[in-house]
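Number of protein chains: 2
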Amino acid sequence: MRSRHMGPDSGRRPEAASQAASDRDACFEVGDDFRRFSQKDDVFCRSFWDPEVRSDRSDMFYETYRTPRMTWRSADGFTQRDYALRNASWHVTDIFAELRADADRREGFLDPYTAVREGPGSAVEVASPQEMAREVKHAARTLGADLVGITGYDERWTYTHAYSRETETEKPQEVTGELENVVVIAQSMDRELLRTAPSALSGAATGATYSRDTIVLLAIAQYITNLGYRAVASMNDAALAIPLAIKAGLGEYGRHGLLITREFGPRVRLGKVFTDMPLAHDRPVRFGVREMCEVCRACTEACPARAIAGGEPSTHVHNRSNIQGIRKWTTDAEKCFRFWANQNTDCAICVRVCPYNRTYDNWPSRVWRWVSGTRLRRLALWLDRISGRGRRLAPRRWWNAARSRYL
Amino acid sequence: MRSRHMGPDSGRRPEAASQAASDRDACFEVGDDFRRFSQKDDVFCRSFWDPEVRSDRSDMFYETYRTPRMTWRSADGFTQRDYALRNASWHVTDIFAELRADADRREGFLDPYTAVREGPGSAVEVASPQEMAREVKHAARTLGADLVGITGYDERWTYTHAYSRETETEKPQEVTGELENVVVIAQSMDRELLRTAPSALSGAATGATYSRDTIVLLAIAQYITNLGYRAVASMNDAALAIPLAIKAGLGEYGRHGLLITREFGPRVRLGKVFTDMPLAHDRPVRFGVREMCEVCRACTEACPARAIAGGEPSTHVHNRSNIQGIRKWTTDAEKCFRFWANQNTDCAICVRVCPYNRTYDNWPSRVWRWVSGTRLRRLALWLDRISGRGRRLAPRRWWNAARSRYL
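As you go down the protein sequences, you meet chains A and B in turn. The opening position of the first sequence corresponds to residue -6 in our numbering, with each subsequent residue numbered one higher. The opening position of the second sequence corresponds to residue -6 in our numbering, with each subsequent residue numbered one higher.
With the rest of the complex left out, here is chain A (with noise of 0.2 Å):
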């Protein structure tokens, strides 16, 4: 795994002369008509409480992870294996998410989790928000993150309102600046998975990469807990996981609108953790994505919903699910998940046709990202196309690959 540099703004809030080179440094281009994000305005919740997305599709989608179906459709990825193994894969997050549903709680999704032990009281002496962050860093890994960088707490990333399920109307958000650092993590989604994308099974690398983040999450927080230091865990709720992500270095923005690592390309999942531990802070990674997505137009052309920005990034934002004043390529959540709604499952189509979607375990990957990163970034783009990487494999021929690999 490769090193981080730390930034010299260790542990301190950022102030806004040093924001404002922090968001250079990151690619951000954040204007005056800026306006944080309400989670009730996030396109999931919206399929609850407004009419605009709700519809007998989307109930009937989020009925398929919870209720076998009486009927299995038999297209290829959506029979009653593949939905079989796709809810298996969500139920460790399920349980938590449910853990605490009396008290109008959705733990990872709409609120962070709770099932944290109390603390000592005798907080451990850092040496050093640098040394500090390193000891993290390594305690992270060992208990199973893939990727774990560190950034400042930015309210400008924090929901101003959390979302309540039972009254389908906002409620008091729970992260609070107190809790200056944030460590975020990244875990890969499997690839082979993913190339049945769109599918039932391809949902699978989906629900299993959620259940690793939920106990790894969970157990970061344990770790800092037991150092005697405040931490709360969240995956999707209380705050925007990609800026984060990216001040932490762990990647940069795609024209898809997901984070793309290094490691893994966009196949992740984030989670974060907020502590009021000191701990120093990493700094963006560049490794020629912005130049990729300009000349890329991958995940534009395949997805069947439209729903992918094919320009410049610009502030046009298609609905109320798209955060306002920030100059980016924007997806309009709308498409996206009606065409969600309509297959009964979560679409990754943008994350398999992806140039950067690879395992750089073997050099002609890492040769590639490292051309990627050059002035011959059409020539990598070219010999990606022709390579047939990000083409469809037929699920069945998922399952059949059970045949060959454990006779």
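No lab work stands behind these hints: they were computed from the structure. Computed from a predicted model, the values in this text were never measured in an experiment. Don't take every hint at face value.
If you want the footprint, here are the derived chain B segments under chain A, 3+ residues with CB under 8 Å [claimed, not checked]:
1. 79 to 91
2. 129 to 135
3. 268 to 277
Examples of chain B residues lying across from chain A (beta carbon under 10 Å, computed) [as the list claims (entries may be wrong)]:
4. Trp65
5. Tyr76
6. Asp183
7. Ala197
8. Thr218
9. Asn219
10. Leu220
11. Gly221
12. Ala387
13. Trp391
Restraint-style ranges between C-beta atoms, simulated for each label pair [as the list claims (entries may be wrong)]:
14. B/Asn335 <-> A/Glu124: 28 to 34 Å
15. B/Arg50 <-> A/Ser11: 49 to 55 Å
16. A/Tyr353 <-> B/Ala394: 40 to 46 Å
17. B/Thr308 <-> A/Tyr55: 39 to 45 Å
18. A/Ser11 <-> B/Glu294: 44 to 50 Å
19. A/Thr60 <-> B/Val288: 45 to 51 Å
Cβ atoms here follow ideal geometry from the backbone N, Cα and C, with glycine treated the same way.
Position chain B against the provided structure of chain A, taking the given hints into account.
Below, chain B without anything else, positioned relative to chain A:
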């Protein structure tokens, strides 16, 4: 990952003759005086009800897992940060263990897991038990299992009774032969952490693996349930895992009383899912472990408690925590546990020093494994000894690795 040969007794419950043959295959020597084991006699259970095992030290031993200590030892490997990581690593498996404590359940340790959602009314059609076994193994690996094998239910290894922590006495066994097949999984433990054994730090390898074990077992049980069959996930409860793992082809029995796998040596934790789904069985594997253990005494000599057999396999039992009527190397569980209690954490010295404790992702280790299975095994043993592989790593050096790796 290597393939496993499918046995001829696929899906049927072994009858007397085929059981004898299968026992020979597995090198099991079960005598007429064999008696099934009650979990109450497990040394961990005895450390609650049996004054011969219970002591202030053993109470304190458990206490360190639950409650932060008021004062921390300064001994390397037993400081606050070591316990912080160890206890965090146990956190997820602890949550599940305590989830139904009000119903006198300690799931994963004394009782099978119950956190499985109801399945559909209809079961998938199983083309053949062979076919289904391949599919289940493929799914299990995708859900995070490191090794998977399948064997038949065998009453001999099932505890006669479960143990109730509340009443400190026996309670009925829940798992029965109606679930006639057993999917056995092995999860690898962190080798670097185990290099520091004995230490509280090395106990993090135990906890982290149990946490992974828990979520993988739950996911596999949910997957089988979603296919319309019954499935019960079990970790340390319900049955002896080692004989099931050997019959399922995951490895051989070692002198230290642990399973030795080809892939990770003794560095694994086991789990199992009992099911009525028709599944073909695997057969035991042999790669020279028994012959190696006959000439090797690395664990016997390294054990500070002198708890590990130094002689030939025998039917001698040290106390009621040993199973009766089987000729094998038998560890003195009382001595072993007393050492754990005295040092306030689990011990894994026998795992650390075992010559099979390697990562086999490099060719020298694979060559070593091959040689260890030939008549040159004494050479292999000598090479292992002079290599210094099994030496203890000072815990502070494990922490310091953070310095070099994440600068």
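Verification of the supplied hints:
With a cut-off of 8 Å between beta carbons, the segment 79 to 91 of chain B has 7 residues touching chain A; three or more are needed, and the interface restraint holds. Remark: the segment 129 to 135 of chain B is confirmed as covered by chain A, as 4 of its residues place a Cβ nearer than 8 Å to a Cβ of that chain, reaching the required three. Taking a C-beta to C-beta cut-off of 8 Å, the segment 268 to 277 of chain B contributes 0 residues in contact with chain A, too few for the three needed, and the coverage statement is violated. Taking 10 Å as the C-beta contact cut-off toward chain A, the hint placing B/Trp65 at the interface holds, the least distance being around 8 Å.
Interface hint status for B/Tyr76: upheld, as the beta-carbon distance to the closest one in chain A is roughly 7 Å, under 10 Å. The beta carbon of B/Asp183 comes within 6 Å of a beta carbon in chain A, closer than 10 Å, and the hint placing it at the interface holds. Hint on B/Ala197 holds. Least Cβ distance to chain A is approximately 7 Å, under the 10 Å limit. Taking 10 Å as the C-beta contact cut-off toward chain A, the hint placing B/Thr218 at the interface holds, the least distance being around 8 Å.
Given hint, B/Asn219 at the interface with chain A, holds; its Cβ is 4 Å from that chain's nearest Cβ, closer than 10 Å. Given hint, B/Leu220 at the interface with chain A, holds; its Cβ is 5 Å from that chain's nearest Cβ, closer than 10 Å. Below 10 Å, beta-carbon pairs count as interface contacts, and B/Gly221 has one with chain A at about 8 Å; its hint therefore holds. Restraint check, B/Ala387 versus chain A: the minimum CB separation of about 15 Å is more than 10 Å; hint violated.
Checking B/Trp391 against chain A: minimum C-beta separation of about 8 Å stays under 10 Å; hint holds. Between B/Asn335 and A/Glu124, the C-beta spacing of about 32 Å keeps the proposed range 28 to 34 Å intact. For B/Arg50 paired with A/Ser11, a C-beta distance near 53 Å keeps the hint of 49 to 55 Å intact. Taking the beta carbon of each, A/Tyr353 and B/Ala394 are about 23 Å apart, not inside 40 to 46 Å as hinted.
For B/Thr308 paired with A/Tyr55, a C-beta distance near 58 Å fails the hint of 39 to 45 Å. Roughly 59 Å separates the CB atoms of A/Ser11 and B/Glu294, a value that falls outside the hinted 44 to 50 Å. Judged by the Cβ atoms, the range 45 to 51 Å given for A/Thr60 and B/Val288 is violated: they are separated by roughly 58 Å.
Going down the numbered hints, you'll see the structure goes against 3, 12, 16, 17, 18, 19, while the others check out.
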